[in-house]
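Residue numbers (our numbering), protein chains in the order written: chain A, 2 to 117; chain B, 95 to 204.
Source of the hints: derived by calculation from the structure; they are not laboratory data.
Honestly, I wouldn't trust all of these hints.
As the list claims (entries may be wrong) - Here are some chain A residues pointing at chain B (derived, C-beta under 8 angstroms):
#, residue
1, Phe66
2, Phe92
3, Gly109
In this text, a Cβ means the ideal position worked out from N, Cα and C, and glycines have one as well.
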Amino acid sequence: EPEVTQTPSHQVTQMGQEVILRCVPISNHLYFYWYRQILGQKVEFLVSFYNNEISEKSEIFDDQFSVERPDGSNFTLKIRSTKLEDSAMYFCASRVSGTGGNQPQHFGDGTRLSIL
Amino acid sequence: GDSVTQMEGPVTLSEEAFLTINCTYTATGYPSLFWYVQYPGEGLQLLLKATKADDKGSNKGFEATYRKETTSFHLEKGSVQVSDSAVYFCALNRDDKIIFGKGTRLHILP
């Protein structure tokens with residue numbers, strides 16, 4: 002069964018450094034998402050992306066965050082200058098076309114980001 | 095805003111026991127509802143879904159019924175196995191964003 006792939010599985014970065022988290026969505030999917038889960042808290046929506054632009058973003062997704070689909074297969078999340086509170090598990094998700102409310106989003110295994 | 099509340103864990107059961115994990119939601123209208131499962135060391139996998147009131151989602155012996163009267167979507171399984179040990183997340187879809195509950199950790203003892 003096709004799946005969403007995320008790399009790396011664990012990323013350790015010094016505070017203030019830039020980090021890029023990578024995702025390969027399922028190949029025929031057209032809608033892409035990033036979520037995060039701070040330890041002990043709920044999984045939270047960060048951003049959705051379709052047709053090479055951001056569809057919606059949460060208040061968490063400030064100017065330090067950006068997303069990109071640099072080629073036909075990868076979808077990346079960049080944090081420009083990391084802060085301690087960015088430490089979390091980051092999940093990428095994708096879905097096929099169709100009504101967004103009914104189509105399930107398929108998630109990757111996540112990247113655990115640790116900021117020192 | 096919309097939210098999902100699910101029972102606190104961990105839940106510990108013996109193999110072959112009956113499982114219920116309670117989930118209630120607060121939302122306007124009738125959003126699609128989901129259960130996701132996270133096995134140790136893995137990502138979030140869709141377990142089942144229901145898109146409208148009175149729908150029953152089912153998969154791998156798990157079931158949940160969309161109850162609009164009680165705004166609930168409780169997860170049930172008649173006979174759990176050790177391999178069902180995982181974290182279970184109830185969720186709803188609002189405007190193409192998944193809103194998750196906090197998750198319930200399930201331990202099944204052999």
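Proposed interface contact between Phe92 (chain A) and chain B, which counts if any beta carbon pair is under 8 angstroms: holds (6 angstroms)
Just to be careful: measuring from the Cβ of Phe66 (chain A) to every Cβ in chain B, is the smallest value less than 8 angstroms? Not OK, violated: Phe66 (chain A) not within 8 angstroms of chain B, min 16 angstroms.
Per-residue hint verdict: Gly109 (chain A), partner chain B, C-beta under 8 angstroms: Hint on Gly109 (chain A): holds, closest Cβ of chain B at ~5 angstroms, below 8 angstroms.
Consistency note: the structure conflicts with earlier hint 1 alone.
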